[in-house]
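There are 2 protein chains.
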Amino acid sequence: MAEINGPSVRTAVPGPLTNSSKTELDTIFDARTVQMVIDYDRSSGNYLVDVDGNTYLDVYAQIASIPVGYNNPTLIKAAQSPVMVSALVNRPAIGNFPSHHWLNILREGLMRVAPRGCTQVFTAQSGSEANELAFKATFMAYQQRLRGSTPWSDHELESVMNNQGPGTPELAILSFKNSFHGRGFASLSATRSKPVHKMDIPAFKWPQATFPALKYPLDEHEEENKQEEARCLLEIKHIVDSWHCPVAGIIVEPIQSEGGDNHASPQFFQELQAITKSRGMSLIVDEVQTGFGATGKFWAHEHWNLPSAPDLVTFSKKAQTAGYFFSDSNLRPDKAYRQFNTWMGDAARVIMSNAVVDEILSKDLVSETARIGNILYDNIASLASRYPNFILNLRGKGKGTYIAFDTPDSSALLKEMRSLGINIGSCGVSTIRLRPMLIFKECHISPLLEALETAFLRLQG
Amino acid sequence: MAEINGPSVRTAVPGPLTNSSKTELDTIFDARTVQMVIDYDRSSGNYLVDVDGNTYLDVYAQIASIPVGYNNPTLIKAAQSPVMVSALVNRPAIGNFPSHHWLNILREGLMRVAPRGCTQVFTAQSGSEANELAFKATFMAYQQRLRGSTPWSDHELESVMNNQGPGTPELAILSFKNSFHGRGFASLSATRSKPVHKMDIPAFKWPQATFPALKYPLDEHEEENKQEEARCLLEIKHIVDSWHCPVAGIIVEPIQSEGGDNHASPQFFQELQAITKSRGMSLIVDEVQTGFGATGKFWAHEHWNLPSAPDLVTFSKKAQTAGYFFSDSNLRPDKAYRQFNTWMGDAARVIMSNAVVDEILSKDLVSETARIGNILYDNIASLASRYPNFILNLRGKGKGTYIAFDTPDSSALLKEMRSLGINIGSCGVSTIRLRPMLIFKECHISPLLEALETAFLRLQG
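Line by line, the protein sequences give chains A and B.
Start counting the first sequence at 1; every next residue gets the next number (full-length UniProt numbering).
Start counting the second sequence at 1; every next residue gets the next number (full-length UniProt numbering).
The reader is advised that the hints may include incorrect statements.
Any copy, or any two copies together, can satisfy a pair, since identical chains are not distinguished.
[To be verified] Cross-link-like lysine-lysine pairs, in silico, DSS-like; alpha carbons within 30 Å at most:
#	residue 1	residue 2
1	297	215
2	194	22
3	415	335
4	226	297
5	441	215
6	177	335
7	194	335
8	177	215
9	397	177
10	237	205
11	335	22
12	205	335
13	205	194
14	397	215
15	415	177
16	205	177
Please keep in mind that the hints were generated in silico from the structure rather than gathered at the bench.
So here's chain A without its partners, still in its complex pose:
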């Protein structure tokens, strides 16, 4: 299927068919969040077609989750393969009864793109689950270091069944203000994005530190940004050293995404890793949104030049599956069945991931994204100079297509953009984030830029 030529909107957005479908769906499934009802059979490449027949250039990509385009032929081939049919039909308890294909499925996909220094993988089904499994690995390793070769005591064995210490320890994960790490009870305890995500849900009393609030463009504010990062690093050390219980790990996004596309420098992350290393903590790099190429590196943390690999790197979204990579054998618990569940991920989704990896590597899509991202950034920077009231704090230079800017009223801009045939996302307080797929090309820049300009003209009235 050839890619659609360009955006085209023929009804109000949302259109009448989307509205009626949404109302009908809502009788059995909470549909209040539905923005469009999509005809995926007619969608292709970077273009999404809704049931009303409107066509959108999609630079939001299912909350940054479509890697290589709708109805990608390589993915279709994988979806139709015999190994996929078997994975769908004979869903195993992978930890107990893996298929004889499982080793090769991992080797030929996820392990080909494992972050440098990461030699092992644990598969999961969502970003939240991946982060929570990484927390569990962190907590078990932390206690293991304290316990050494001493076997579990009777006191531990009894107290743990009652959710009490010493078997159930008080341990914390430090996360950052404005971070998003998922919506499970532990990942949500680390998430600090918006009250609507957290209200009324019991949470662990874990600490949060300030993430650097940098000024953009970064290269014009080097000195003050350096001071801001130094202030944050000091705060982190203070919190870790004074928290009411041991802080076993720090989780951080390379770029805070839901929280507003907030960046920090490689030096900041290097020093963050040094803090964790000096205190026997794990560093968990949450690459759920940044991983798989969009920043112009396969993993965003490659931009940091760390002296050694992060302890755990979590992934999901564009990977089409989820899990975490790690290297330190201490992050594999000392006993079997401590890190375990019935399905341990889904081989069907890991097979899709392999097709994504094939497509990315064979078409060099990471370098391509780096290249296109630079052109796109320059184009938006030029637009910003003409519409400085609409594009503020442009950021993501040199980070592929992972580009964002603040705007006075992001909801209004989103709405205008959709009526112009561009599906785009927001984040933070009033930030527009670009999350195009890895197949976003030169030819998609004009429709996006033209729509932005039209929207600005309309909004300034």
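Starting from the structure of chain A, add chain B where the hints point.
Frame of chain A; chain B shown alone:
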């Protein structure tokens, strides 16, 4: 593919190829829990074939997760359908951009088998996730009842971002000793199965109550079992009324499965529901292992004749997908995006679920399982009368094939059974649990019974 004729074991178990595959897999993926490496392409119906060419009658079924047999033709057809290919290739953020097929996918599958009185569904990816989403719905509804129409206060909005009250309340879920509800941080807080599941993992300080320890056969111990259940119900009321924070809900398995196949009477569950109703709590029925027919009813809680539906019913495993059903509109949060995540389940797995539902309904597999279960139970009861030292506390009469018994050394029996070509599971302290598929027939009873008898003879030496 015709079903295999019967078990056949030609190597030691595990065989040399399983051992070498396991060792190789272990270099990149924790394989210490691997029991067999399987050739799913050669497996069919109730039979599993390992890489060493051994064939097993499978009455464990991937920890009770294979509903209608390996390589089931109806499932193969679903796996090859165009709607499946699209669901695999174009994975949507279902809450924002559902496919126009989504409504029908839900209607034609999960909603056809929704528990009586349950009108809505929320989809998820695992039993743990389903239970945690049910907890979140419970907590939000509980606070909503207290708050009424008062909007969130500034104090709530600020405190919640800091994981502190009042925005982050202290609320609990009561679960039962020996229960298993999953391995996420909240589901694991409710899980009370074994220390190895919980050690070193921070947990919420939630209460546990004693689950009735009934004597079997149930019909010979009616009076004392009634007293035992009354004692437990009193304890539950006492705990709920005296816990240090409000208990917003109770989660219970219809039959405690991982915890040892522990049963309770319909009256017990009716009174449990009455306790929740009188205190404004939610009753969450965890049908992750019991749901989808194995007890001779589609949902195990149908055995209880409750006056009204449980508040939430969670499912996974044989459903091949996961989620929860509910009826009370208060369990849908008052605002959009409070119960939300990127993927909200996986349409591909829901499509497989539909094929499972088709197969179960069109072949009347629930009634069939009830019928076969009665025959199987009688056969095992007869074996028990000859081997009373090996089959103790036989249970599950009238509960389909959901049959279990205690045995002096379950590990030794499991090992013998596997060497005889039967893949069978254990649970609790030393219990053998039968978890055959819904296509287990008369012809599979003999191989199972013969192997049990041979194993007993070998074990008694």
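Hints the structure violates: just list their numbers, smallest first. Per hint list: zero violations.
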